[in-house]
Amino acid sequence: MHKIAEVEIQHDIMLANKKLAKRNQKIFDKADVFTVDVLGAIGSGKTSLIENLIEKIDYKIGVIAGDVISRFDAGRFEKYNVPVVGLNTGKECHLDAHLVEHALGDLPLGDIELLFIENVGNLICPVDFDLGAHIRMVVISVSEGDDTVEKHPLIFKDADIVIINKVDIAEAVGADENKMFEDVKKLNPDAVVIKSSLKTGEGLDEIIENIKKFMNE
Amino acid sequence: MHELSMADAIVKTAVDVAEKNDAQQIIEVTIEIGGLALLNPEQLKFMVGVLSEDTLLEGAEIKVEEIPIEIKCESCNYEGPAGSDELDHYMPIVKCPECEEVSIKIIKGRECNVKNIKIEKEDEDA
Numbered sequence: 039m040h041k042i043a044e045v046e047i048q049h050d051i052m053l054a055n056k057k058l059a060k061r062n063q064k065i066f067d068k069a070d071v072f073t074v075d076v077l078g079a080i081g082s083g084k085t086s087l088i089e090n091l092i093e094k095i096d097y098k099i100g101v102i103a104g105d106v107i108s109r110f111d112a113g114r115f116e117k118y119n120v121p122v123v124g125l126n127t128g129k130e131c132h133l134d135a136h137l138v139e140h141a142l143g144d145l146p147l148g149d150i151e152l153l154f155i156e157n158v159g160n161l162i163c164p165v166d167f168d169l170g171a172h173i174r175m176v177v178i179s180v181s182e183g184d185d186t187v188e189k190h191p192l193i194f195k196d197a198d199i200v201i202i203n204k205v206d207i208a209e210a211v212g213a214d215e216n217k218m219f220e221d222v223k224k225l226n227p228d229a230v231v232i233k234s235s236l237k238t239g240e241g242l243d244e245i246i247e248n249i250k251k252f253m254n255e
Numbered sequence: 224m225h226e227l228s229m230a231d232a233i234v235k236t237a238v239d240v241a242e243k244n245d246a247q248q249i250i251e252v253t254i255e256i257g258g259l260a261l262l263n264p265e266q267l268k269f270m271v272g273v274l275s276e277d278t279l280l281e282g283a284e285i286k287v288e289e290i291p292i293e294i295k296c297e298s299c300n301y302e303g304p305a306g307s308d309e310l311d312h313y314m315p316i317v318k319c320p321e322c323e324e325v326s327i328k329i330i331k332g333r334e335c336n337v338k339n340i341k342i343e344k345e346d347e348d349a
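Line order of the protein sequences matches chains S and C.
Positions 39 to 255 (our numbering) are the ones given, in order, by the first sequence.
Positions 224 to 349 (our numbering) are the ones given, in order, by the second sequence.
Calculated directly from the structure, the hints in this document are not laboratory data.
Keep in mind that a hint or two might mislead.
Unchecked claim - With the Cβ distance kept under 10 Å, some of the chain C side facing chain S (calculated, not the full set): (1) Met229; (2) Lys243; (3) Ile250; (4) Glu251; (5) Thr253; (6) Phe269; (7) Val273; (8) Asn300; (9) Gly303; (10) Ser307; (11) Ser326; (12) Ile329; (13) Ile330; (14) Arg333.
This structure is a prediction, so every number in the text was calculated from the model and none was measured.
C-beta atoms are modelled at their ideal positions from N, C-alpha and C, and glycine is treated no differently.
Whenever a hint applies, use it, and build me the whole structure from the sequences.
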């Protein structure tokens, strides 16, 4: 004879990732490494921004370069002589706390004060996955269209710093960078929002200043 | 998108619990998804179905329930269901439904929870 039974599970898959993220943050804190999760769309300027920060910030920097195929971005960072770990996600569209935990084993955390984790270029999937970083920095560009904030609200709701990049070409692509700025502020009044152009250098000092401010909080 | 990795974790969780309970077959699995989790229920169901082939979960009914969004307002201390507007999908995370202030925190609605399974097992009492 067979019988039917109901088994209560209540296992939150998101919570499982959150627990791992907390564990990662403990590792960062113990090693005194301030960690920034860098998110944004493909081509928004995440890699360029990190390159600029490596050159301009006077901290010992490390990078985890996450991508579907990570060797391209990882190769760019290696030129600056900083510790870099490439994280291949393969078919996955985001990094998760478990993948980051694996990468930590390959990083000399004792030689790093500021760690950037470059997430996969995507405004949707990475949102659900906390990595254990201290802050989230979202990079968008005017060339994505000035309705990009409205279309992807959740990533901005969670952000600590939002960078609206490529403002030098806003007019050419018909985008209103001020509208993007206001849209972020409406969703997340606490976020630091900075308009920048990595080509002209606009906004870069303000970005550095704010990262340092978060580090010292 | 990331429905695949979620589906994979869901299948593993359900099968693992079923095995521990000496199930011969899983008949039904219920998954709860928060209204703000960036998961499409139909895609998730499809992926769970595909990944459950050759497991105890194969052929089970996959039920998906939505967990409503709840917010806490930092201005008026309102805590409860978020506002809704069919024409504006992000309104719930923008404004407090009570005082309309924008300083709100999301407290519920981002889950992806394997709630329970119904299993078929040998009736030892029979």
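Exercise. Hey, does the C:Ser307 contact hint survive, CB to chain S under 10 Å?
Worked result: violated, 14 Å
For this session: Grab the minimum C-beta distance from C:Ile330 to chain S and call the hint holds if it beats 10 Å, violated otherwise.
Result: For C:Ile330, the interface hint is violated, since the closest Cβ of chain S sits about 13 Å away, which is over 10 Å.
Problem set entry | Interface hint for C:Arg333, Cβ within 10 Å of any Cβ on chain S | Since the shortest Cβ distance to chain S is 6 Å, the answer is holds.
Problem set entry | Status of the hint placing C:Glu251 at chain S (closest C-beta pair under 10 Å) | OK, holds: C:Glu251 within 10 Å of chain S, min 9 Å.
Exercise. Hey, does the C:Val273 contact hint survive, CB to chain S under 10 Å?
Worked result: violated, 14 Å
Problem set entry | Given hint C:Asn300 near chain S, where the shortest CB pair must fall under 10 Å | For C:Asn300, the interface hint is violated, since the closest Cβ of chain S sits about 17 Å away, which is over 10 Å.
Exercise. Was the hint right that C:Ile329 lines chain S, CB cutoff 10 Å?
Worked result: Holds, about 7 Å.
Problem set entry | chain S contact restraint on C:Ile250 - CB to CB distance below 10 Å | Status holds, d = 7 Å.
For this session: Closer than 10 Å between Cβ atoms is the bar; does C:Gly303 clear it against chain S? Give me holds or violated.
Result: violated, 18 Å
For this session: Let me know if the C-beta of C:Met229 comes in closer than 10 Å to any C-beta of chain S, holds or violated.
Result: holds, 6 Å
Problem set entry | Hint check, C:Thr253 versus chain S [nearest Cβ-Cβ separation less than 10 Å] | At about 9 Å, which falls below the 10 Å cut-off, the nearest Cβ of chain S leaves the hint on C:Thr253 intact, so it holds.
Exercise. Against chain S, is C:Phe269 within 10 Å by beta-carbon distance?
Worked result: Hint on C:Phe269: violated, closest Cβ of chain S at ~16 Å, above 10 Å.
Hints 6, 7, 8, 9, 10, 13 from the earlier list are contradicted by this structure; the remaining hints agree with it.
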